[in-house]
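Start from the sequences and build out the full structure, keeping to the hints where you can.
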Amino acid sequence: MTPSAFWQQVRWVFTKDLRVEVRGGVTLRMATPFAALALLLAPLATGTDTALLRRIGPGMLWLVVILFGMTVTLRSGAREPGPVRDLLTLSGLDPAAGFLGRSLASAVLLFGVTLVLTPLMIVLYAPEGRPGWGWLALLAVAGVMALGLLGSLVATLVTGLRERTALGPLLAIPLAVPVLLATARGTDSAISQQGSLSWLLLLVAMNLALVIVGVLLAGPMDETTR
Amino acid sequence: MSPATRSSTCRRPDTMTRETATLHPRSRAITSTGVAALCLMATGLYMAATAPDEETQGEAARLLFVHVPSAITAYIALGAGLVTAVWYLIRRSPAADLVSAAAIEVGVLFTAITLLTGMIWGRFVWGVWWDWGDARMVSTAVLFFFYLGYLALRRSISDPRVRAVRCAVLGIVGFVQVPIVHYSVLWFRTLHQGPSIIRPDLANSTMDAAFVAPLGAALAAFIAILAYLVAVRVRLARLEAAVDRAASTSQPVGASVGPPSGLSV
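Chains as they are written, first to last, in the numbering used here: chain F, 2 to 227; chain P, 550 to 814.
These aren't lab readings, by the way, just hints derived from the structure by calculation.
Take these hints with a grain of salt, some might be off.
[Stated by the list, open to error] Covered by chain P, per the in silico footprint, the following chain F stretches (three or more residues, Cβ under 8 Å):
#: 1; region: 158-172
#: 2; region: 176-187
#: 3; region: 209-221
Since the model is a prediction, treat every value here as computed from it, not as a measurement.
Where a beta carbon is used, it is the ideal one built from N, C-alpha and C, also for glycine.
What follows is the structure, encoded as structure tokens:
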């Protein structure tokens, strides 16, 4: 397969997944409001100490994105249901292209969730300092991409299992700890006008590792979902 | 019952089929490993008990003769799980899958021992059971929960081929956490002491010679226990597979084994 044909397939899967999401609207109508509610309720559990809330705001944002976003990616990153899957297989879809397409679509959905939640966190928690928007955007892109790749990888592993809704997060969230650390600490640094380069590099390295592992293992994983 | 009928149904154990005999959970190699593990454990316990008191930690330091070897053994077990998972994906050998699963299962046990002994040691020396500032403690707990997920995934899939492939992938992806656990004490500001044996600069151990010998003996004992448990677990997994095969073909397990000879029915 030529590289252009490969990327064409990635684009097809990516467009298909986003179209399904736009028509269903689960992420926008259900997952995002639920995540926003979690941001709103957290101060009731920790206490409404303003200084404490200022400190934990960035961390809370990314914790909520990871916990709620993982449910989004595990759903959207999963292999397609039976007939669609068979059709894609018969069309000669490269498993690696399918994996990358699903991951990119999940990342775009998560980026949407983050776009809604970030201003909300700034309003509710009022973190100190002026946000460095450039760093925040880079961290958000790298963070959601890592979560999208991770979610698609784990979603394929739990495809077809009765226990997938409980098992998926149990497998994905421990692996997402470096993303939580890098995005939360990086956002903290960006808001306090310090550079976030080291955290961004960690996220880039994690993305690269996940792409390599996902592309190499897409074939074996794909054969178990047929 | 006629003698002819009895001879066809009441067979002695030595006439069991080859498959049943190889699945018998006792074999000389496994027993020898178990005996060696017991001897090494006794030696390790004796040496740990007779080691000199540590200057600042006192008796609590003896916990390290369990904590450190269990951590290293967990790394070895999870590493063996990784290697055999890769081996499975290359060769599709069912034996590699069984060894990978057994090694990871035993690795989870040793990770739990590491966490538990670390917490007890922390209570004596730091005054707290759990310290969030200790990067290694937190990363070990994350590792433990991830591998619990691995075991849950394994139990959730009934098809052996699908289970083997998916668990091999997860075993490979998850191992990335092991170097994170080990190097967390260098990468983050943490309460936990830095590595004193497996040092990144490959320099000599910073541990006093009086403690190195008992620690070495305990480590040898833990590795022997690991080998024994993995061997027993692999044998058990083979028996489980035989039960599954028998169930799928509706053939009763142990059908080839009859009542003892001389028993009239």
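Provide an ascending list of the numbers of those earlier hints which the structure does not satisfy. none
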